[in-house]
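Sequence lines, in order, name chains A and B. Quick note: the first sequence uses numbering that gives the first Met the number 0, first residue 0, plus one each step. Quick note: the second sequence uses numbering that gives the first Met the number 0, first residue 0, plus one each step.
A hint or two may mislead.
Intra- or inter-copy, both count: the list cannot distinguish identical chains.
Think about it this way: if two alpha-carbon atoms lie no more than 16 Å apart in a straight line, the pair counts; the simulated EDC-like pairs of lysine to aspartate or glutamate are [unchecked claim]:
{"id": "1", "residue 1": "K270", "residue 2": "E195"}
{"id": "2", "residue 1": "K90", "residue 2": "D175"}
{"id": "3", "residue 1": "K90", "residue 2": "D334"}
{"id": "4", "residue 1": "K270", "residue 2": "D517"}
{"id": "5", "residue 1": "K391", "residue 2": "D419"}
{"id": "6", "residue 1": "K305", "residue 2": "D239"}
{"id": "7", "residue 1": "K407", "residue 2": "E396"}
{"id": "8", "residue 1": "K310", "residue 2": "D242"}
{"id": "9", "residue 1": "K310", "residue 2": "E246"}
{"id": "10", "residue 1": "K454", "residue 2": "D251"}
Simulated from the structure, these hints should not be mistaken for lab results. Here the structure is a predicted model, which means the values were calculated and not measured.
There are 2 protein chains.
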Amino acid sequence: MGSAHSSCSLLTTSSTQHFCFPQSPICVSKLRPANQNQIRSIKFTSHSFRCCSSPQNLPLRCNQVGEFETQVKSFKTMADIHGIDQELLNKIVYDALVWSSLHGLVVGDKSVKRSGTIPGVGLVHSPIALLPGSFPETHWKQACELVSIFNELVDRVSLDGKFLQESLSRTKKADDFTSRLLDIHSKMLQMDKKEEIRLGLHRSDYMLDEKTKLLLQVELNTISSSFAGLSQIVSKLHSDLLDQYGEVLGLDSRMIPENNSGNQSAEVLAKAWTEYNNPSAVIMIVVQAEERNMYDQHWLSVHLRKRHNVKTIRKTMAEIDREGELQSDGTLLVDGQAVAVVYFRAGYTPIDYPSETEWAARLLVEQSSAVKCPSISYHLAGTKKIQQELAKPNVLERFLDNKEDIAKIRRCFAGLWSLDDKDIVRKAIEAPDLFVMKPQREGGGNNIYGDDVRKTLVRLQKEGNVEDAAYILMQRIFPSVYPTIFVRDGICHKDHAISELGIFGAYLRNKDKVIVNDQCGYLMRTKVSSSNEGGVAAGFAVLDSIYLT
Amino acid sequence: MGSAHSSCSLLTTSSTQHFCFPQSPICVSKLRPANQNQIRSIKFTSHSFRCCSSPQNLPLRCNQVGEFETQVKSFKTMADIHGIDQELLNKIVYDALVWSSLHGLVVGDKSVKRSGTIPGVGLVHSPIALLPGSFPETHWKQACELVSIFNELVDRVSLDGKFLQESLSRTKKADDFTSRLLDIHSKMLQMDKKEEIRLGLHRSDYMLDEKTKLLLQVELNTISSSFAGLSQIVSKLHSDLLDQYGEVLGLDSRMIPENNSGNQSAEVLAKAWTEYNNPSAVIMIVVQAEERNMYDQHWLSVHLRKRHNVKTIRKTMAEIDREGELQSDGTLLVDGQAVAVVYFRAGYTPIDYPSETEWAARLLVEQSSAVKCPSISYHLAGTKKIQQELAKPNVLERFLDNKEDIAKIRRCFAGLWSLDDKDIVRKAIEAPDLFVMKPQREGGGNNIYGDDVRKTLVRLQKEGNVEDAAYILMQRIFPSVYPTIFVRDGICHKDHAISELGIFGAYLRNKDKVIVNDQCGYLMRTKVSSSNEGGVAAGFAVLDSIYLT
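Turn these sequences into a full structure, and let the hints guide you.
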């Protein structure tokens, strides 16, 4: 899930709508179908906040807003970044492009056919923001503080098979993909399959709501969280540029938080490999047949080999089916090699399962003793429907004991409702611009927003099956829009942007022993802000890092 | 000069010719016109030794051969490298391509138009040999030992303006490019211009003659010696691959000599910058307008900035003319910036001087107080004609005092003759396959070899102007042919190859103080061996490193 397979439109900040929401603000996002021939990974679920200045019908969560307003410095944008002298700008861009080329900040160029299958050809610098985006330190700290709680939460949710099955029972009917995942999950429950070593490499994505100054979670990715490899390098690029140009720009590289997302992720994979305790076993990266973001993944493999002498192999789902077998002790052999850890960088979207072959591969992996990153339970725990269920009153309490932790988590929840909430459905019909209808199915598919929300809800009501429809309602988040300099395909482009901050989290436990429960670096993605929804399809999103203010 | 602007055909090792030469073996090389739209830098002057087994007319230099035969281990090729298991081979190739992409071992792809002007786009891994080529340790040591002597020799030759002018007087008539360089040189002599700080970043290129086991110099590049940046990385790639696969291949990464060619070159540039003693001055890299080998150069710039906080600027000859000016104290200003060191990575070929503009730029630089790498004198000292003059009896003695040094240098000289040597002209007509006619003009142009040597010489004799023709005669060197695995554009290709070893040398002095006189890493280039001369134009030459045997 996550950036690797969801992308979203941007909405303007201008709006004539003026009201906000009771329990939590209202979130809208739009997914578009994943396209395997593009760098999927730089798309992201964006939520833009059109308005929330003048409550209408619904009061603001004033106490919370107030709390943050006292804590938080104002969300500054980079001081007139668009005003940088053109000659200086050209130099910085040139240096950034050279730096990227020399330091492996690269992706496969989609205009070069072989670039998704053969490394070393058709390389192009990763799309980047030239300079890091401003982010308030308080919110940064808040996001970091949430990591270990979410890690723990996912683990606990994953152990509650009944909760997962029940919560997703309606989704099962409406979405074949979730249904197939649930089938595997059911089989594991029937087998009483225990995952003693549990590994999560998650990424929790947030947006900062402009008006309320609330850090709101967009989604929690528990499978195939991409960009740990490249994000680390983007932060180094930005640090390097500020070391060089910081003085003239009035910026200090020390304000970019250290980001070792790639190395730390690899470290945790190595620890999981160690726990598995078979020195001759490998780590298997499950990949798509074409992957233009392969270097992001390769950075982890290189670290694993150089620092830990751990070998990685790369296999598609189809190859796993063809070459995989289970030994009687549960060992997964693929192409004759024992697999200690299965690291999914594919398998999160229906597109990755074009035939029964791939489903057989997923089942095979799940049945094995290999450490799965993620297991089917972890995967399901990261679905939008579960996100929505967890947002319901008293659900978090089922999994977490510490009241403070619960409060912290709840504070970052955007509004999430199922369609059986009649009040919300009525409100969404009245003010569709403040909501988004998200299909429950994972891995792509368009969200519904704007007046289409109203139309769709009205139609579903008439048809009498609002509750069964495969949608949830989410609050639309409206993040700050600020000037940015995008660099893509060697071309520099000034525009206004919105950003989404992803915090990587790693969780590893072996039976009762929690070995890792840590933050693991971060990913900032920045996307052009545009009133033209159609323009979004151009996918002008770039890798970024943050500059604490 | 050097790899950056000369390339050459390969000849087969099979031959019906069987005789060798008296003073030194006979060398043949072939230049083809430089093509600005290609990566020129991986072409090299190759000399393949067809035969030298059965003396005919001319005796072998037996004492020297014998001396080497007792010293040198046999020139082993990598143990049946073509026999590597295909699956293993695929893995190594894949890893090599990934490694190259992540570690900046890249060039601009000539199929992408912008790749020579805009960094970060149209990147492709550098063409490489998959594994390092065997090279005898004794010859390696011999080549290293020669560095400081050649460095000193160039410096001394450069100070003898009369020698340069006289030696090149005939070339001046025949070659306009050399003539223009000599004009600038004359002006400097007239001005009594002194270069107190003298900087050379040379590369002496050698081939190992298969039959005689002699290390023979192909050429000495005193301007624009390319690949210091990437060569260092190729050696690291090879070390890394052997760390990973050495056991199964029976190879030990420690047998690859350490190669810090890029960093060391940058260090010496930084030292020259320090000697110039203007903290606000920059190092100017003189570049071609299109340069697909730009990353090779950028590696040096990055080192200069990161380690020494020295700024580099990149300017074409035309830009230098447009933006450059001399201050009354001799300071060179370009675009308003004082230039401490001018590092030429262009200007070595007539193609770089399409108009008077570029010649004006070269003169401007030469008149300035900036440290030139190289000065016009250093440039001229590296011409083929001077190489040939130095090979004449008693000429080295004019510049070097130490008899041992002279003997060492002479030992690596291939046969080099001017066309006024009637005996050699006669021998070349009799046995043209053992010679090559090299045009004296620098920077491109086809060599003449095979039966065309005979035809051309006979024609020139009839016309009565053999001596004035702009050619020299060189011994053709026939290096070992050994199996290699080429990787180019993501494609692996097994073939037989010949190699040329370049040793980088750095020389820096300020008045009487020699600050640096060192070896500075190395460059191994390997090219497919082919009996089809036309096939050479495909330019299948790759970056390589060496494996000591």
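Hints, verified against the model:
Proximity of K270 and E195 under a CA criterion of 16 Å is satisfied intra-copy only: 14 Å inside one chain copy versus 59 Å between copies. Proximity of K90 to D175 under the C-alpha cut-off of 16 Å is found in neither arrangement, the shortest distances being 51 Å within a copy and 37 Å between copies. In this assembly of identical chains, the alpha carbons of K90 and D334 lie at most 16 Å apart only when taken from different copies (14 Å versus 49 Å within one copy). For the identical chains of this complex, K270 and D517 are intra-copy neighbours only, at 13 Å inside a copy versus 45 Å across copies, given an alpha-carbon limit of 16 Å.
Within a single copy, K391 and D419 get their C-alpha atoms as close as 13 Å, which meets the 16 Å cut-off; across copies the closest is 98 Å, which misses it. In this assembly of identical chains, the alpha carbons of K305 and D239 lie at most 16 Å apart only when taken from different copies (9 Å versus 24 Å within one copy). Taking CA atoms no more than 16 Å apart as the test, K407 paired with E396 passes inside one copy only; the shortest distance there is 12 Å, against 84 Å between copies. In this homomeric assembly, K310 and D242 come within 16 Å of each other (Cα to Cα) only across copies, at 13 Å, whereas the closest approach inside a single copy is 36 Å.
In this assembly of identical chains, the alpha carbons of K310 and E246 lie at most 16 Å apart only when taken from different copies (15 Å versus 43 Å within one copy). Taking the shortest Cα distances, K454 and D251 never come within 16 Å of each other, neither inside one copy (50 Å) nor across copies (70 Å).
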